[in-house]
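Chemist: Take the given structure of chain A and dock chains B, C, D, E, F, G, H, I and J to it, following the hints.
Note that the protein sequences, when read in sequence, are chains A, B, C, D, E, F, G, H, I and J. The opening position of the first sequence corresponds to residue 1 in UniProt numbering, with each subsequent residue numbered one higher. The opening position of the second sequence corresponds to residue 1 in UniProt numbering, with each subsequent residue numbered one higher. The opening position of the third sequence corresponds to residue 1 in UniProt numbering, with each subsequent residue numbered one higher. The opening position of the fourth sequence corresponds to residue 1 in UniProt numbering, with each subsequent residue numbered one higher. The opening position of the fifth sequence corresponds to residue 1 in UniProt numbering, with each subsequent residue numbered one higher. The opening position of the sixth sequence corresponds to residue 1 in UniProt numbering, with each subsequent residue numbered one higher. The opening position of the seventh sequence corresponds to residue 1 in UniProt numbering, with each subsequent residue numbered one higher. The opening position of the eighth sequence corresponds to residue 1 in UniProt numbering, with each subsequent residue numbered one higher. The opening position of the ninth sequence corresponds to residue 1 in UniProt numbering, with each subsequent residue numbered one higher. The opening position of the tenth sequence corresponds to residue 1 in UniProt numbering, with each subsequent residue numbered one higher.
The reader is advised that the hints may include incorrect statements.
Ranges between beta-carbon positions, derived for each pair [said to hold, decoys possible]:
| # | chain 1 | residue 1 | chain 2 | residue 2 | range |
| --- | --- | --- | --- | --- | --- |
| 1 | F | GLY20 | E | SER121 | 33 to 43 angstroms |
| 2 | F | THR80 | C | GLU108 | 53 to 63 angstroms |
| 3 | A | GLU7 | F | SER62 | 30 to 40 angstroms |
| 4 | B | VAL138 | C | GLU108 | 36 to 46 angstroms |
| 5 | J | THR80 | F | SER62 | 43 to 53 angstroms |
| 6 | I | SER121 | A | TYR149 | 56 to 66 angstroms |
| 7 | E | GLU57 | D | LYS147 | 21 to 31 angstroms |
| 8 | B | LYS147 | A | LYS24 | 20 to 30 angstroms |
Simulated crosslink set (DSBU-like; lysine-lysine; CA at most 30 angstroms straight-line) [unchecked claim]:
| # | chain 1 | residue 1 | chain 2 | residue 2 |
| --- | --- | --- | --- | --- |
| 9 | A | LYS147 | B | LYS147 |
| 10 | H | LYS24 | H | LYS131 |
| 11 | F | LYS131 | F | LYS24 |
| 12 | C | LYS10 | B | LYS10 |
| 13 | B | LYS147 | I | LYS24 |
Which stretches of chain C does chain F cover? Using the computed rule of at least three CB atoms under 8 angstroms from a CB of chain F, they are [said to hold, decoys possible]:
| # | stretch |
| --- | --- |
| 14 | 81 to 90 |
| 15 | 93 to 104 |
Hints were generated in silico from the structure; no laboratory data involved. Every residue gets a Cβ at the ideal spot worked out from N, C-alpha and C, and that includes glycine.
Single-letter residue listing:
10 protein chains.
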Amino acid sequence: MITSREEVTKMIVATKITQGFTWKQIAEVIGHSKEWSTAACLGQMAMTKSQAEAVGELLSLSDEAVAWLQIAPYKGSLPTEVPTDPLIYRWYELVNVYGTTLKELIHEEFGDGIMSAIDFSMDLQREENDKGDRVSVVMSGKFLPYKTY
Amino acid sequence: MITSREEVTKMIVATKITQGFTWKQIAEVIGHSKEWSTAACLGQMAMTKSQAEAVGELLSLSDEAVAWLQIAPYKGSLPTEVPTDPLIYRWYELVNVYGTTLKELIHEEFGDGIMSAIDFSMDLQREENDKGDRVSVVMSGKFLPYKTY
Amino acid sequence: MITSREEVTKMIVATKITQGFTWKQIAEVIGHSKEWSTAACLGQMAMTKSQAEAVGELLSLSDEAVAWLQIAPYKGSLPTEVPTDPLIYRWYELVNVYGTTLKELIHEEFGDGIMSAIDFSMDLQREENDKGDRVSVVMSGKFLPYKTY
Amino acid sequence: MITSREEVTKMIVATKITQGFTWKQIAEVIGHSKEWSTAACLGQMAMTKSQAEAVGELLSLSDEAVAWLQIAPYKGSLPTEVPTDPLIYRWYELVNVYGTTLKELIHEEFGDGIMSAIDFSMDLQREENDKGDRVSVVMSGKFLPYKTY
Amino acid sequence: MITSREEVTKMIVATKITQGFTWKQIAEVIGHSKEWSTAACLGQMAMTKSQAEAVGELLSLSDEAVAWLQIAPYKGSLPTEVPTDPLIYRWYELVNVYGTTLKELIHEEFGDGIMSAIDFSMDLQREENDKGDRVSVVMSGKFLPYKTY
Amino acid sequence: MITSREEVTKMIVATKITQGFTWKQIAEVIGHSKEWSTAACLGQMAMTKSQAEAVGELLSLSDEAVAWLQIAPYKGSLPTEVPTDPLIYRWYELVNVYGTTLKELIHEEFGDGIMSAIDFSMDLQREENDKGDRVSVVMSGKFLPYKTY
Amino acid sequence: MITSREEVTKMIVATKITQGFTWKQIAEVIGHSKEWSTAACLGQMAMTKSQAEAVGELLSLSDEAVAWLQIAPYKGSLPTEVPTDPLIYRWYELVNVYGTTLKELIHEEFGDGIMSAIDFSMDLQREENDKGDRVSVVMSGKFLPYKTY
Amino acid sequence: MITSREEVTKMIVATKITQGFTWKQIAEVIGHSKEWSTAACLGQMAMTKSQAEAVGELLSLSDEAVAWLQIAPYKGSLPTEVPTDPLIYRWYELVNVYGTTLKELIHEEFGDGIMSAIDFSMDLQREENDKGDRVSVVMSGKFLPYKTY
Amino acid sequence: MITSREEVTKMIVATKITQGFTWKQIAEVIGHSKEWSTAACLGQMAMTKSQAEAVGELLSLSDEAVAWLQIAPYKGSLPTEVPTDPLIYRWYELVNVYGTTLKELIHEEFGDGIMSAIDFSMDLQREENDKGDRVSVVMSGKFLPYKTY
Amino acid sequence: MITSREEVTKMIVATKITQGFTWKQIAEVIGHSKEWSTAACLGQMAMTKSQAEAVGELLSLSDEAVAWLQIAPYKGSLPTEVPTDPLIYRWYELVNVYGTTLKELIHEEFGDGIMSAIDFSMDLQREENDKGDRVSVVMSGKFLPYKTY
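Okay, chain A solo, but in the shape it has when bound:
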C-alpha cells in the first residue's frame, strides 16, 4: 500500500532516470508547460484524472499511484529551511539579498499587497550569450491588494 505522496514522487524520479525520459517529454504527455508539469510530478501540484493517467501510462505507474497524483499534496519540496543544494540556494540568496528590494518596488508601483504565488506562472529559457549562456526566468503573478474592511 502506498501511504504517502513522497513515495510516488520517488517512483516517478527513479523511473525517469533509469528509462531516460526528459521532463519535456513528460510535459508533452501531460499537455502543459514543462514548469508546471515538473512541479506536479515532484509533488507540488494536483493533477486532473486524465493528466494523472497519462503520466501513469508513460511511466507504468500502478492505479494506486495514479490516484495519489490527483490529490492536493502537502507542498514544500526542500528538506531544510535554508536549502543546501547550491543551485537552489542561489534562489534563496536572491530572496535574502533582494527581498526588501522586491518589497519596496512592488509597493511603489502597486501599493500595499502581495504578488500571488498561486495565480502565478513561470517560464524558464536558455538565453544565448557570447560570454556564456544565461538562464532567463520570467515570473508572473497577479497583484493582490490588501483588503480594507
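Modeler: Positioned in the frame of chain A, the structure of chains B, C, D, E, F, G, H, I and J alone reads:
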C-alpha cells in the same frame, strides 16, 4: 560616529519617507536600474564614489555616510531565516515549492551547475491585465557549469 | 529621527495606555473595523493619508510618525516562530492541530488552491453563553485556485 | 503490530484516496461535524468505541487499528514549526500578522485570559461571491479568564 | 516615555534588589499569594488598578508605570526555548522526561483533554526533611475535556 | 534483534492498547507508584531485574526486551524542543510563564541552588470540584544548594 | 539605575582589563578558589554580602552593583546553543563526542542517576610536559541516584 | 550489506546488553582504557585492525562489521544540539555555566589558544565520600597556542 | 528499485570499505583528481556516462546505480547546519573565525563580488614538517564581480 | 567605559572606512601577514602589547581600547549559523559540499585525527587568469592525530 552600514540604510529609508522621494527618483540620480539602485541603497550592493556622492547629495547624507556607501556590505536583508512579511514570504514559498523544479529544468537544459546570483540582473514591471494587473519579474543569470579538475 | 515603523507602534501603544483610549475609539476615528484598524496601528497594514492623519491627531503624533504610518510595513507581529504568549499560542495550536483538517476540507470543497490571507476580513465578537461567554471569530478569505499553465 | 497512531492515519488517508471516500461521508458515519471528524481521523482527537468501530467498518481497518483510534493521540499535525504548505502557511501567516491584534481585542472585550482551543468548535463553509467564492470559517472558543489566587 | 512592559519589570526588580524588599512583602501589599503576585510583577499577569497602585506606592513607581501594570502583558518570561538557568531547566527537564507520563495518566483518569494553565493555581512550600529540606510545589488546574461538535 | 529502547517502549504501548491494560494495573505489578511506573515503561527510568520481569510477564515481552528494560535509557520523551501536544504544551507554558517566578521564590526561601529533578517524586490526583474537576499534581524535589569551594 | 546582572559583569570585566587585575587576585580577595570566584564574577554564582563587598572595594563598584552581586543570577554564560568560540567549543565537542561514553561508564559504575552540576567543584592546573604543557581539569560532582517512589 | 557505522554501534550495544558484558571487559580485550574503548565502540574513534578483530571475536561480529570498526567514523554521539538526557545535559550545563570561566582561566594561565580535544585523555573514577560518593573525572588536553604568521 | 542518490553513495562507501579500495584508486579509474572524484562518489557532483561506468565496473554496481551517478544530485553532504564531526567542524570554525577576514581581504583586492564555489578546484597535500606534518589545501576559485545593471 | 571587544572592532572598522586605510597598511604596522592582522583587528585574535599600541597609534584609539586588543576575545565573527553574506556563504557551501570529501582524503592520507584550526596559517593571493582572475587561498594546518590512551 557611524559604526555600521545598517545605520546608513535606516537614514536613507527615513529620509525617503519623510521627504517623499521614490526609488525611481533615487535610481535616476544613481544612473542605474531601479532594481539595482534600491538594492544598493538597502545595503546589498557597494556603490562607486560618484554614485554614493549623488545619493548623498539628494538625501543630504554626511560625508561619513557617503564613505560607508562605498564599502561592500555584509549582505542579507531579512531578519529571519523564513521571512515573516507576506510579500517576501511568497518569494520564499516559490523557492520552497518550485526549488526542485528549477533544479530539474536547469540541469535538463544546461547540465550540472548553477544560475549565478552575482552575474545577475532583474527587471520588475507592471503587466496590465483585465482580471487584475500582474507583477512580472524577469531574472537573468549566467549559467556556471561545475568545473571538473 | 524615527528610523523604523516599530518605534511608531511603540508610541501608539504607550499613548493609548497612558491616555486610556480603546481600540474601538481609535477605529472610529480611522473609519474602519476595529480588527483592521488595530492591525494597522500595530504595524501590519498601511494607512491612507487621511487615516494616518486622523490617528495622528487623536494620539498627538508628529508629522514624521504620520508619514511612517502610510508606508507598507515589514509585517509579522510576533517575536518568535512559536509564540510564547498563551492567548496567541492557542491560535498557533489551532493551526498545528487543525492545519491538516483545514487543508483537507478546503480541498474537498474547492479543489487545489488556498484561502487568501490578503483578500481577507475578520470579525471578532463576544458570544454570550450561560456556561461562560465565548469568543467568536469569523474569518473570510477569497479562494484562490492554483493556476495551470 | 501497529506501533504508532501515525500508521493508522496513513492507512485511513491511503484508503480514502484509493477508494474515493470524502471526509463528509466519513463524518456522517462518525455522526459529528466534518471538521471534528476529519481532525479525529488525522490523529488529533480520540474517538469513542462506537465512533472508531464505525470508521473501522467503513474503511476496513483491523481491530488493532480500531483500538488505536480510541487513544488520546500525541497531537500536532504538521512536520515543521513553520508550515511549508501554502494553504496551511496562510493560517500561520494570519497568526503572525494578526496575533497581536487578536490579543488586544480579546483583552479589550474580556480582560486578561485566553480563548480556549479545547472547548472550541469550528465551521467551514463556502461563501458564494461574484468576485470569486470565499472560504468562511467560524471559530468559537470559550473565554477563560486568568484565575487570581 | 515607557514603551514596553519589560521596562517596568526591570524597574521593579532593580528597586526590589537595591531597597531589599522580599516578594512576600510585595505580595502582602497586593493582597494575593506570593506565587501570583511575583508572576504579576514579573510581567506575566495583569493587575487591577488598586493592585497596581499598591505596588506603585511601595516601590515608588511613576503613574505611567502603574498604568502599564494594568495591561495584559505579552507573556513568556524566558529568553530561550530551552532555558539555560539550571533551576528553571530542571522544570523543563521534568516536562521533557515526565511529559508523556503526565499525558498518559491524565488521559487514563479523565479522558481526552488538558489540564488548564489558566484556571490554575500554584503553592510553593519548604518541606523540612532530615536528609535535606525539599521544595514542595502543588499545582492545581481545571480539567478541560475536548469538545465534540 | 532489538537495537533500541524505543522499540521496547513502542511494544509496551501497543500491547497495552490492544490488550486493554491500564497504567495502574501495570504499576501494581511493578510495585511502585503509577507515576514512576509509567515513566519507567515509557523509557525514562531503568527497572530492576524483578520489575522488568514482572512487566515482561504481564505484557508477554521477549527476554531480549526484558534485558533492555534494565538499562538506564537515553532519556527525553518528546519529539521537539517545544512540545506540540496541547496537554504537554500546557506544562511547557507553565515553565515559560512561571519559570522566573519559581526561580525567585525558591531563591527567596532557600538561597542559590536548585530543586532536584532526580531526588524527586510526583503524585497526580483527581480533585473533585463543583465547577469541574481539577488535576492536582504534587511535586517534591530535594533542594540542592550550590557548593562553594 | 542598574537593571541587569549582565551590566555588572561587563563593569567587572572592563575594570579588570583596564586596571590589569588577574582572576587569581580577585579570587584571593573573595577567599575562594579561582574557579568559583571567576564564575561568580561572570554572573554564574551568587556572592555573600562580604564577598560582594570585597569585590566591590577592589574594583571600585557602586553600592548598587554590590547589591546585584548578591542575587542568584539567571545563569548561562554563552550567547548561542552551540558555542562559536574555539576554546569553549572544544568543551562542547567533548560533550558531543564523549557524552554517551560518560553516560555508559557512570551508569556501569553507579547505576541510573546523574553526576551533580550543583554539588560540584572544579580545579584547573597547568601540567608541565616536554611535548607541550597540558591543561588538566579535575571535575568532581556528587552522584545522585534516581529516586524510586 | 552494512551501510553505516551506526548499524555496527547498535549491534555492539544490543549484544552487550543481551549477553551481559561490561565496558570494562570489552576494554580489556581492546587493551586500552575503558574511556577510550567505550568511545571507540560507540562510533567516536577508529580502531586498529587487531583492536577491531578482538572486539569482533568477543561480540561475534561479522567480518564486514569488523572492517567498519577500522574506519574513522563521522563523530558526534548525540541526537540533538542540546542533549535531553539528564546525565549528559549536566555536562552541557557545565559548559554553559562554566564555559566563560574555563576560557578566562586558561587564557590567564596560558595566553590565547585552546585545550585540545584531540590530544586528550580522560579518566573517570568513583570517589568515596561519607555524604554520598562522587564522580571524579580528570580531563587532560594539550594546550595549543594560536600561531601568529 | 533505487529511489535516491544517497543509496548509491552508501553502496559505494560500503563496497570501498569491505573491499579495501582507496579514493586514489577510484580517482584513477575516473581519470580526475582525487578531490573531484571523491566528491562525485559522495554524491556532490554528476559524472559523465564513461566516468560512471568506470566506477560501476570497479565497484560492481548495478546499471541502475550507474544511471543515478550521471544525475546532478541534490548537494549538501552534512547532516546538521553546524557539523558535529571534529575534522569537519574545524573547517566550519575557520569560516566562523576567518569569514569576515576573507570577506575584507577579497574585497580589498578585487572589489565587491564573490569567489566562485562552482568554477573552483581544490588540491590537498601532505606537507612534511619536523614539528609534525601539516595538511596543506590550495583552493582556487574564479572571482565573480557583482554585475551593475 | 568600553564594555566589550565588539565596540573596539566597530571603532577600528569605522575609522578605517572614514580615513581610508587598507588592511595591508594596518598589517604593516602590526608586522604580520594581512590575513592574521585583519582577523586580529576584527576581534578573532589577541594582540601583544606592542602590536596593540601600533594599531592604536595608527587609528587614534584610546588607551582603554588598546587594553582590550590584548585580551583573548570571544571568537566567532558571524551573526548567524548559516552566513547570509554571499561571499562568506560560498565558504560555508564549500564545507557543506566538500566536507565529507575533506574528511575522507585527510583520513586516507593521515589516519584518524584533524587538521588544526589553531596551528594554522592562511595566504590569500590574486591569481591572474585570461578567463578572469582567480582567488587563490592556501591553508595550512598541522595534522593532529587522535590520542589513544
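Chemist: So, for every hint listed, does it hold in this structure?
Modeler: Hints, verified against the model:
1. GLY20(F) with SER121(E): 33 to 43 angstroms: Once the Cβ atoms are compared, 35 angstroms apart, the range 33 to 43 angstroms for SER121(E) and GLY20(F) holds.
2. THR80(F) with GLU108(C): 53 to 63 angstroms: 29 angstroms, violated
3. GLU7(A) with SER62(F): 30 to 40 angstroms: 31 angstroms, holds
4. VAL138(B) with GLU108(C): 36 to 46 angstroms: 38 angstroms, holds
5. THR80(J) with SER62(F): 43 to 53 angstroms: Since THR80(J) and SER62(F) have Cβ atoms about 48 angstroms apart, the given range 43 to 53 angstroms holds.
6. SER121(I) with TYR149(A): 56 to 66 angstroms: 59 angstroms, holds
7. GLU57(E) with LYS147(D): 21 to 31 angstroms: Because 25 angstroms falls inside the window, the suggested range holds.
8. LYS147(B) with LYS24(A): 20 to 30 angstroms: 27 angstroms, holds
9. LYS147(A) with LYS147(B): 50 angstroms, violated
10. LYS24(H) with LYS131(H): Given pair LYS24(H), LYS131(H) holds - Cα atoms ~27 angstroms apart, limit 30 angstroms.
11. LYS131(F) with LYS24(F): 27 angstroms, holds
12. LYS10(C) with LYS10(B): Roughly 18 angstroms separates the two Cα atoms, so the pair holds.
13. LYS147(B) with LYS24(I): Roughly 19 angstroms separates the two Cα atoms, so the pair holds.
14. 81 to 90: holds (count 4)
15. 93 to 104: The restraint on the stretch 93 to 104 of chain C holds, since 3 of its residues have a Cβ under 8 angstroms from chain F and three suffice.
Checked against the numbered hints given earlier, the structure breaks hints 2 and 9 and satisfies all the rest.
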